[in-house]
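**Student:** These protein sequence lines are chains W and A, in that order. According to this note's numbering, the stretch in the first sequence is residues 81 to 257, in order. According to this note's numbering, the stretch in the second sequence is residues 7 to 217, in order.
Treat the hints as calculated values from the structure; they're not laboratory data. Built from N, CA and C at the ideal position, the CB exists for glycine as well. Hints may contain errors.
Claimed, not checked - Stretches of chain A that chain W covers, calculated by requiring three or more beta carbons in the stretch to come under 8 Å of a beta carbon on chain W:
1) 15 to 28
2) 50 to 56
3) 82 to 89
4) 128 to 141
5) 156 to 162
6) 175 to 183
As the list claims (entries may be wrong) - Covered stretches of chain W (in silico footprint by chain A; criterion: 3 or more residues with CB under 8 Å from a CB of chain A, positions within the stretch not fixed):
7) 83 to 89
8) 113 to 126
9) 129 to 142
10) 148 to 160
11) 195 to 205
12) 236 to 250
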Amino acid sequence: MLWELFILFLKVGLISFGGGYAVITLIQRDIADKGWITAGHFQELVALAGMAPGSIATNTATLIGYSQMGIIGGIVSTIGIILPSLLIVILFTAFFLRMQSNNWVRSSFYGLRPIITGLIVYAAIHFGLGSTEASWLSWQSFGMLLICAASLIAVIRYKIHPFAVILLSAVGGIVLF
Amino acid sequence: MKAWKKEDIKVLLQLFTLFFKLGPSTFGGGYAMIAAIEREIVNKKAWLKPGEIGDMVSVAGSAPGGVAVNSAAFVGYKLAGVLGAVVAVFAITLPTFLIVLILSILGMLFQDVPKVQAALKGVHAAVVALIIVAAYKIGRASIMDIPTLLIACISVLLLLFTPLHSIYLILGGPVAGVAIIAVKKVLGLSAQTEKQVKDQQADLNYLEYYI
Numbered sequence: 081m082l083w084e085l086f087i088l089f090l091k092v093g094l095i096s097f098g099g100g101y102a103v104i105t106l107i108q109r110d111i112a113d114k115g116w117i118t119a120g121h122f123q124e125l126v127a128l129a130g131m132a133p134g135s136i137a138t139n140t141a142t143l144i145g146y147s148q149m150g151i152i153g154g155i156v157s158t159i160g161i162i163l164p165s166l167l168i169v170i171l172f173t174a175f176f177l178r179m180q181s182n183n184w185v186r187s188s189f190y191g192l193r194p195i196i197t198g199l200i201v202y203a204a205i206h207f208g209l210g211s212t213e214a215s216w217l218s219w220q221s222f223g224m225l226l227i228c229a230a231s232l233i234a235v236i237r238y239k240i241h242p243f244a245v246i247l248l249s250a251v252g253g254i255v256l257f
Numbered sequence: 007m008k009a010w011k012k013e014d015i016k017v018l019l020q021l022f023t024l025f026f027k028l029g030p031s032t033f034g035g036g037y038a039m040i041a042a043i044e045r046e047i048v049n050k051k052a053w054l055k056p057g058e059i060g061d062m063v064s065v066a067g068s069a070p071g072g073v074a075v076n077s078a079a080f081v082g083y084k085l086a087g088v089l090g091a092v093v094a095v096f097a098i099t100l101p102t103f104l105i106v107l108i109l110s111i112l113g114m115l116f117q118d119v120p121k122v123q124a125a126l127k128g129v130h131a132a133v134v135a136l137i138i139v140a141a142y143k144i145g146r147a148s149i150m151d152i153p154t155l156l157i158a159c160i161s162v163l164l165l166l167f168t169p170l171h172s173i174y175l176i177l178g179g180p181v182a183g184v185a186i187i188a189v190k191k192v193l194g195l196s197a198q199t200e201k202q203v204k205d206q207q208a209d210l211n212y213l214e215y216y217i
């Protein structure tokens, strides 16, 4: 199990281009396939991961590892997801930097970036709709929609720091639900 | 030789303290963290030259993983080789790791308190909003013509309606990119692979979070 966790997050770490949010999609598929935790629990963990500083991907890995195998599981998963970044950054810094202006590299990123966008859009759709056990026309989903819309406006229009938005949303949740 | 080693350990210790401090204080790092690194490492300590920050941004942004961790690896490697990179990454990860564990333990303790559940639901909604913001920002930087728009749409549809593993998308993206640029060149169309620098700069200044 520990080995499985390590390998899973190693793979995720290796392809986690675009950092945090795209990875939610990557992890969610694998976790669902393995049947380790339910979709609802997964979303709870991601919400929890969003409350801590640090990349949401790494935090989610830590939480999943911890929920499966305790502290050791958390450590192993965290190392698994970070190790590829560490190695690749070292390689890039040592050799690859000169290739930045290479046309093939540029073309590759030209094609890769919209894929990352797609992964994040999917994460938003999945994460936004996924957990509504309750029916659509409930107080529950209305409240979520309200908080989501308010958060969007706060971040985009008023440039409020995301962490403040998260704290305020927690308060909003306590008041509404 | 001995004196040199002592110096080496000193650098490692400095790397550790610096990134240990930066980890939680920049809250997630991302691109917001680059400004903090610049302040500490270029201005205060003169460990890197100003021009190297540009290299750091491009390496950290194009390697897989979070920008914060990648930047730490870059700075650590530049200063003290592979060991430096390991120390810097360990230092930037440790505080958040501990915070996540504490949150998780608290979460389990108060799992059945209804108001804690309510607070988490609120956070869930906020995280959805943050994901939407992230999608919008990266979309603005990456969707620059019809092919890129198509790639983004197709990848969302594939994820929604097929069980295709996202790794194939990650692998397919660069292939499609190379092919499209090649075709564009043959057709004599403008084969720009990046948006104007002005746009990217604007995106950098905009507060990025968790990316």
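**Student:** Count residues of the stretch 113 to 126 of chain W with a Cβ under 8 Å from any Cβ of chain A, then say if the count reaches three.
**Tutor:** holds (count 3)
**Student:** Quick check: do three or more residues in the stretch 148 to 160 of chain W have a beta carbon closer than 8 Å to a beta carbon of chain A?
**Tutor:** holds (count 4)
**Student:** Quick one: see if chain W covers the stretch 128 to 141 of chain A, three-plus residues with Cβ-Cβ under 8 Å.
**Tutor:** Our answer is that it holds, as 14 residues pass the Cβ test (under 8 Å) against chain W, meeting three.
**Student:** Under 8 Å between beta-carbons, do enough residues of the stretch 15 to 28 of chain A, three at least, approach chain W for the coverage claim to hold?
**Tutor:** violated (count 0)
**Student:** Examine the stretch 82 to 89 of chain A for residues whose CB is less than 8 Å from any CB of chain W, and state whether their number is three or more.
**Tutor:** holds (count 3)
**Student:** Taking a Cβ-Cβ distance under 8 Å as contact, does the stretch 236 to 250 of chain W have three or more residues in contact with chain A?
**Tutor:** holds (count 10)
**Student:** Are 3 or more residues of the stretch 83 to 89 of chain W near chain A, judged by a Cβ distance of less than 8 Å?
**Tutor:** With 0 residues close enough to chain A, the hint is violated.
**Student:** Can you confirm whether chain W covers the stretch 156 to 162 of chain A, using C-beta to C-beta distances below 8 Å and requiring at least three such residues?
**Tutor:** Since 6 is at least three, the answer is holds.
**Student:** In terms of beta carbon proximity below 8 Å, does the stretch 175 to 183 of chain A have 3 or more residues touching chain W?
**Tutor:** holds (count 8)
**Student:** Do at least three Cβ atoms from the stretch 50 to 56 of chain A come closer than 8 Å to Cβ atoms of chain W?
**Tutor:** violated (count 0)
**Student:** Are there three or more residues in the stretch 129 to 142 of chain W whose C-beta lies within less than 8 Å of some C-beta in chain A?
**Tutor:** holds (count 12)
**Student:** Can you take a look at whether the stretch 195 to 205 of chain W is actually covered by chain A? Rule is 3+ residues, C-beta closer than 8 Å.
**Tutor:** holds (count 11)
Taken one by one, the earlier hints fail for this structure at numbers 1, 2 and 7, listed in ascending order.
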